[in-house]
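Novice: The primary structure of each chain is shown beneath.
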Amino acid sequence: MPPVELLLMLLLLATVIVVARLKDLFAAAMLTGIASLLAAGLFVLMDAVDVAFTEAAVGAGVSTVLFLGALSLTSRREKQQERTRILRILPIVIVVATGAALIYGTWDMPAYGDPDAVIHHHLAPDLIAETEEKIHIPNIVTAILASFRGYDTLGEVVVIFTAGVGVALLLGGLGLRRRDAGTEEES
Amino acid sequence: MYVAGMAAIVVTMFLALARAAIGPTVFDRILAVNMFGTKTVLLIAVAGFLTGRPEWLDLAIVYTLVNFTGTLAVLRFARFGNLARDDRKADRS
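First to last, the sequence lines map onto chains L and C. Start counting the first sequence at 1; every next residue gets the next number (my numbering). Start counting the second sequence at 1; every next residue gets the next number (my numbering).
I should point out that these hints are in silico values taken from the structure, not numbers from a laboratory. Keep in mind it's a predicted model, so treat the numbers as computed, not measured. Ideal placement from N, C-alpha and C gives every residue a C-beta, glycine not left out. Take these hints with a grain of salt, some might be off.
Pulled a few chain C residues facing chain L out of the computed Cβ check, cut under 8 Å [said to hold, decoys possible]: (1) Leu17; (2) Pro54; (3) Val62.
Working from the sequences, and respecting the hints, build out all of it.
Specialist: Right, here's the structure in full:
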């Protein structure tokens, strides 16, 4: 792994450890923004600029704002609660086990940038050769996202829409209740 | 030269992260996050030139937009304590 990516990974690790240990939730929300920016930087260095931009816009932009919205409706500090030893250790065990499972899963993947990987053998050349004559869209990425993978993209949009509706309902019933209360106050 | 610039940017990222982590005031943290966003922009720009793809500069400029809007929202939260209510009421109180 090149040194810059290694350093960014270290920074990411430091950030998430600080986030987990902070009791001030406002600061934690800020630091999750930093973690997103770091992830975006890593994605850019891995040539996935579209993924990186989504990460920066959603992770550092919108989700920080959503966190702040949630904080304005709840409390700015994490509640101190007595926890038994098991409850203290259990989360880190689950996180480490999940992470280990995910890393184990990557062992079967071809190495990053490996020219012998399966995807570089038949799929990418076929798409580059045939996209233009099949559906007459010059930009191959657009063609894949909006046409070949159209249902997948539609599903993603539905997931995001559902998540947005859920958050909006949780944070105050789409603003309906609060607006009613406001007009009552003024009248 | 690009490598030296990259190293300098990563070092400042460490410093900004330290400032965001220790605080002590809210504005230290907001400024640290804003600066971290700027460092990300610079990192992408330098990485673009380093790997021979100067068009990443355009991408980096769009990141400044996200960074700026996010900082505005956070500052608004820090000033008024919420994001949705009317400004004028908050000003009077």
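Novice: Quick one, is the Val62 of chain C hint okay against chain L at 8 Å, beta carbons?
Specialist: Holds, about 7 Å.
Novice: Let's test the interface hint: is any C-beta of chain L closer than 8 Å to that of Pro54 of chain C?
Specialist: Since the shortest Cβ distance to chain L is 13 Å, the answer is violated.
Novice: Restraint: Leu17 of chain C near chain L, CB-CB cut 8 Å. Satisfied or not?
Specialist: holds (6 Å)
Taken one by one, the earlier hints fail for this structure only at number 2.
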